[in-house]
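A.B. asks: Residue-level listing of the chains:
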Amino acid sequence: MTDLPLDGVRVLEIAPGYSAGFAGRLLAGFGADVVVAGEPRDLTDDEQVWLLAGKRRVAAASFADIRPLALAADIVLVDWRLPSPPAPLPTSRERGVSDPASDVLVNAAEVLRERRDVIVVSITPFGQSGPHADYEATNLIAFAMGGIVSLTGHESREPLVTGGNQAYALGGLNAFSATLAAYYGMLVHGEGDWIDISLQECSAAMLELYGPGSAFTGMGASPRRGNHLRAVWGIYPCADGWAGVCCLERQVPAFFRLLDDPVLAEERFADPTLRAENDDELSAMVYAWFAGKTKADILQLGPEHRVPFGVVMTPGDLLANDSLAERGFFDTVQTRDGAARIPGRPFEGLGWRGARPPQRVDVAGVAREWSEATP
Amino acid sequence: MKKLPFEGVRVLDLTMMWAGPFATKLLAEMGAEVIKVESPQAWDNIRTLIPQPGVEASWDASFYFNDYNRDKKSLVLDLAQERGREVFLQLVAKTDVVIENYRADVLDNLKLGYEALRAAREDIILVSMAGFGKTGAERHHVGFGPIIEQMGGVASLTGYGDDGEPYKTGISYGDPVGGIAAAGAVALALINRKRTGKGSFVDLAQRETMATMIGEAFVASSLRGEDPVHRGNRSARWAPQGIYRCAGEEQWLAISVRDDTEWAALAEVVGAAELAGLAVDERRARHDEIDTRISEWSREQDPQAAMERLQAAGVPAGRVLDSDTIHGDPHLLERGFWVELPHPRMAPWKQPGVVWRLAEANPHLRRHAPLFGEHTAELLRDLLGMGAQELAALEAAGVTSNAPVNPGIG
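Protein chains in written order, with the numbering used here: chain A, 1 to 375; chain B, 1 to 410.
Because the hints were derived from the structure by calculation, they are not lab data.
Note that the structure is a prediction, hence the values are computed from the model and not measured.
There's no promise every hint is true.
Computed Cβ-Cβ distance ranges for the label pairs, DEER-style [to be verified]: (1) B:Pro344 x A:Asp7: 43 to 49 angstroms; (2) B:Lys111 x A:Asp261: 35 to 41 angstroms; (3) A:Ala64 x B:Asp227: 43 to 49 angstroms; (4) B:Asp382 x A:Val361: 50 to 56 angstroms; (5) B:Asp288 x A:Leu248: 38 to 44 angstroms; (6) A:Ala291 x B:Pro53: 34 to 40 angstroms; (7) A:Asp261 x B:Glu390: 49 to 55 angstroms; (8) A:Leu274 x B:Arg367: 34 to 40 angstroms; (9) B:Val405 x A:Asp261: 29 to 35 angstroms; (10) B:Arg345 x A:Ala59: 58 to 64 angstroms; (11) B:Glu390 x A:Gly8: 46 to 52 angstroms; (12) A:Ala320 x B:Pro344: 28 to 34 angstroms; (13) A:Gly8 x B:Gly248: 53 to 59 angstroms; (14) B:Asp227 x A:Arg257: 34 to 40 angstroms.
Taking lysine to aspartate or glutamate and the DMTMM-like style, the derived pairs with C-alpha atoms no more than 25 angstroms apart in a straight line are [stated by the list, open to error]: (15) B:Lys3 x B:Asp382; (16) B:Lys198 x A:Glu114; (17) B:Lys194 x A:Asp261; (18) A:Lys295 x B:Asp382; (19) B:Lys194 x A:Asp117; (20) A:Lys295 x B:Asp227; (21) B:Lys2 x A:Glu191; (22) B:Lys2 x A:Glu136.
Note that beta-carbon positions come from the ideal geometry of N, C-alpha and C, so glycine has one too.
Assemble the whole structure, with the sequences as input and the hints as a guide.
C.D. replies: Listed below in structure tokens is the structure:
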């Protein structure tokens with residue numbers, strides 16, 4: 001037995017997009033045998049390097065090709081709407097073109113519905129039911145309808161989507177954790193389940209105080225606040241880039257000591273309620289303070305004074321970061337363009353294996369392995 | 001009815017603020033018995049973060065606190081006192097999981113590190129979720145969600161592009177991301193214990209979890225040295241894509257066009273049929289012009305009607321729902337996403353329901369967040385067999401309490 005917590009767990013990804021690919025990537029890292037059937041959907045080359053690492057790939061033009069895998073898998077991941085007759089087939093992106101994935105899913109759904117010992121996870125923009133279930137969506141559309149976009153960006157400008165593919169990634173991360181929960185339940189209680197993850201709901205469930213605040217107080221929508229919720233909670237230009245501070249009330253005195261201005265001892269700044277009325281004046285002081293500090297200065301002052309400081313780091317900065325190197329965070333995966341470095345384990349303490357390039361294998365061989373393996 | 005996955009799992013929850021409580025909220029939704037442990041002197045700041053002048057026992061009447069702490073039990077125990085720690089370790093012996101999101105050194109300073117917990121229960125699972133982990137040169141950094149987002153690379157990818165400024169997400173994004181991953185860590189550790197009989201110490205650095213959300217950016221950086229490019233709401237692949245103003249105050253519509261067919265449909269709807277034949281490269285080159293044409297149309301449109309019309313034409317479009325309009329979204333309403341739970345101190349309001357929709361086990365919200373110390377006596381009596389005299393002694397010593405000491409603004 002290896003020290004990989006998911007050693008021996010069989011995962012089938014059917015024609016994955018970003019979300020299913022991300023969930024599968026994490027499961028593979030923790031030791032699951034993740035087999036990607038069919039071609040990934042709408043993934044760039046870089047996304048394929050990241051999301052297919054550590055998996056095996058099989059060709060699948062029809063469900064007949066992967067039926068044995070569907071019958072033996074412990075977990076099936078898709079990011080398509082699963083048909084439940086008489087619902088229509090999943091909509092193909094290329095209308096008017098026969099979509100093999102649709103046939104695969106129809107048949108997979110029929111087979112999987114007969115099994116009690118499998119976790120089936122679908123990750124879709126709006127979930128498996130409801131009036132928008134068949135709506136066309138991208139990362140931007142799903143994130144916009146989840147509420148977070150309305151809160152992001154400058155109040156004088158249009159709402160702004162967060163960088164990367166956050167709607168997709170949130171769907172994948174939720175699917176990863178939900179899958180593990182359901183798999184544990186299957187180990188303990190003996191039965192699997194079908195999990196319906198909606199990207200919209202993933203976002204709508206995490207609207208911080210703004211969502212419940214609007215619902216509870218009836219005060220209407222929260223505005224966008226750009227980079228400054230208030231003076232002690234925001235991002236500022238510093239001498240060599242951008243840096244941020246996020247103080248709770250208990251941390252404000254330490255931050256004020258660093259600002260080192262006697263005026264901050266006055267009631268209008270010391271009292272949190274009055275401080276809010278003088279936020280512009282305080283912001284000007286904070287701007288000036290950050291402008292005179294480098295990112296290195298700020299990172300040193302944070303832990304020394306227990307003030308929550310940060311700096312805006314790029315992926316390149318993180319790849320060169322000593323602390324992450326010391327913790328062994330990044331994996332390396334070989335590509336045709338060289339060695340790519342990608343995030344490794346999302347947490348330490350449970351067995352994780354380094355990334356390897358995806359391996360193309362014969363579907364019959366995998367079917368034989370899976371059918372012979374002891375669950 | 002099928003059992004929830006974590007039925008029978010007990011969690012001692014030392015987490016506070018958002019990241020940790022979001023994790024344990026998910027565990028509770030999946031059926032775990034989550035016991036939220038707070039001290040009379042150091043309670044969860046979320047209870048008092050939003051001032052509520054004049055509200056009696058305001059720490060029990062916070063919608064913000066309630067959102068993250070539903071379906072949990074409240075146990076008040078002063079872990080700074082020796083007696084409090086003794087009681088805590090007695091509870092650990094009857095617990096599967098301990099989870100905390102303190103600063104990296106706090107749990108050890110309390111003499112409640114992993115080895116102390118293991119001494120109480122050999123196969124205990126400890127999940128620690130400090131911002132920067134328990135090891136490494138930056139382990140002593142302090143940070144909340146926005147700091148995690150900055151230090152994890154995501155903020156560097158977000159921006160309009162014409163002002164050179166990176167932007168934070170409008171929520172403390174690092175917190176729920178860390179929480180979702182931590183819930184997964186608990187599940188994985190339980191699977192591992194089932195498989196091996198052994199407990200685990202999981203060290204989750206929220207900054208690393210955040211970096212995992214942008215894996216492809218590390219591929220671009222490591223293979224080609226690419227720095228982040230701020231594209232606003234545009235796509236590197238597709239065009240046009242953007243967020244367009246609609247009729248009414250702060251009403252917006254997001255549109256993504258992925259192929260020529262979708263573009264032709266959009267061009268027709270917005271009255272730009274003469275541009276319908278543009279290929280993607282041409283659309284990208286003329287994006288500003290196309291945005292102007294779309295905006296001229298959209299500014300006269302109701303966002304809901306415009307979304308429905310574009311979707312009917314096969315164009316990916318979505319209303320930018322805000323913190324208010326999202327509660328009236330017909331789709332979320334039909335899926336029963338918003339739930340109103342009775343609460344002894346507050347009138348009901350729409351709260352987000354369960355995101356991990358297990359079709360057959362059917363998890364659903366059961367109860368409002370606990371009042372401060374609501375279950376202290378019940379838990380100490382039922383789990384440790386304490387009698388009335390012992391409970392009174394703990395309260396007299398300030399180890400337990402039914403109210404925070406000197407609650408101010410969080």
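A.B. asks: Evaluate each hint against the coordinates.
C.D. replies: Tested hints:
1. Judged by the Cβ atoms, the range 43 to 49 angstroms given for Pro344 (chain B) and Asp7 (chain A) holds: they are separated by roughly 48 angstroms.
2. In this structure, Lys111 (chain B) and Asp261 (chain A) meet the distance hint of 35 to 41 angstroms, their C-beta atoms being roughly 40 angstroms apart.
3. The hint said 43 to 49 angstroms for the Cβ distance between Ala64 (chain A) and Asp227 (chain B), and at roughly 47 angstroms that hint holds.
4. For Asp382 (chain B) and Val361 (chain A), the Cβ-Cβ distance of about 53 angstroms falls inside the hinted range of 50 to 56 angstroms, so the restraint holds.
5. For the pair Asp288 (chain B) and Leu248 (chain A), the supplied restraint of 38 to 44 angstroms holds, since their beta-carbon distance comes to about 43 angstroms.
6. For the pair Ala291 (chain A) and Pro53 (chain B), the beta carbons lie near 36 angstroms from each other, so the given range of 34 to 40 angstroms is met.
7. Hint check: Asp261 (chain A) to Glu390 (chain B), Cβ distance near 52 angstroms, so the stated range 49 to 55 angstroms holds.
8. Look at Leu274 (chain A) against Arg367 (chain B): about 38 angstroms separates their beta carbons, and that is inside 34 to 40 angstroms.
9. Under the hint 29 to 35 angstroms, the C-beta atoms of Val405 (chain B) and Asp261 (chain A), about 32 angstroms apart, fit the expected range.
10. Under the hint 58 to 64 angstroms, the C-beta atoms of Arg345 (chain B) and Ala59 (chain A), about 60 angstroms apart, fit the expected range.
11. Here the CB-CB span from Glu390 (chain B) to Gly8 (chain A) is close to 47 angstroms, well matched to the stated 46 to 52 angstroms.
12. In this structure the supplied range 28 to 34 angstroms is violated for Ala320 (chain A) paired with Pro344 (chain B), their Cβ-Cβ distance being about 53 angstroms.
13. Between Gly8 (chain A) and Gly248 (chain B) the Cβ separation comes to about 56 angstroms, which falls inside the hinted range of 53 to 59 angstroms.
14. Checked against the given bound of 34 to 40 angstroms, the beta carbons of Asp227 (chain B) and Arg257 (chain A), roughly 35 angstroms apart, stay inside it.
15. Restraint check: the Cα-Cα separation between Lys3 (chain B) and Asp382 (chain B) comes to about 23 angstroms, which is no more than 25 angstroms; the hinted pair holds.
16. Among the hinted pairs, Lys198 (chain B) with Glu114 (chain A) is inconsistent with the structure: their alpha-carbon atoms are about 34 angstroms apart, more than 25 angstroms.
17. Among the hinted pairs, Lys194 (chain B) with Asp261 (chain A) is inconsistent with the structure: their alpha-carbon atoms are about 57 angstroms apart, more than 25 angstroms.
18. Restraint check: the Cα-Cα separation between Lys295 (chain A) and Asp382 (chain B) comes to about 52 angstroms, which exceeds 25 angstroms; the hinted pair is violated.
19. Distance restraint check for Lys194 (chain B) and Asp117 (chain A): the Cα-Cα separation of roughly 17 angstroms lies within the 25 angstroms cut-off, and the hinted pair is therefore satisfied.
20. For the proposed pair Lys295 (chain A) and Asp227 (chain B), the alpha carbon gap of about 18 angstroms is at most 25 angstroms, so the pair holds.
21. Between Lys2 (chain B) and Glu191 (chain A) the CA atoms are separated by roughly 8 angstroms; this keeps the pair inside 25 angstroms, and the hint holds.
22. Distance hint between Lys2 (chain B) and Glu136 (chain A) is unfulfilled; the C-alpha atoms sit about 33 angstroms from each other, more than 25 angstroms.
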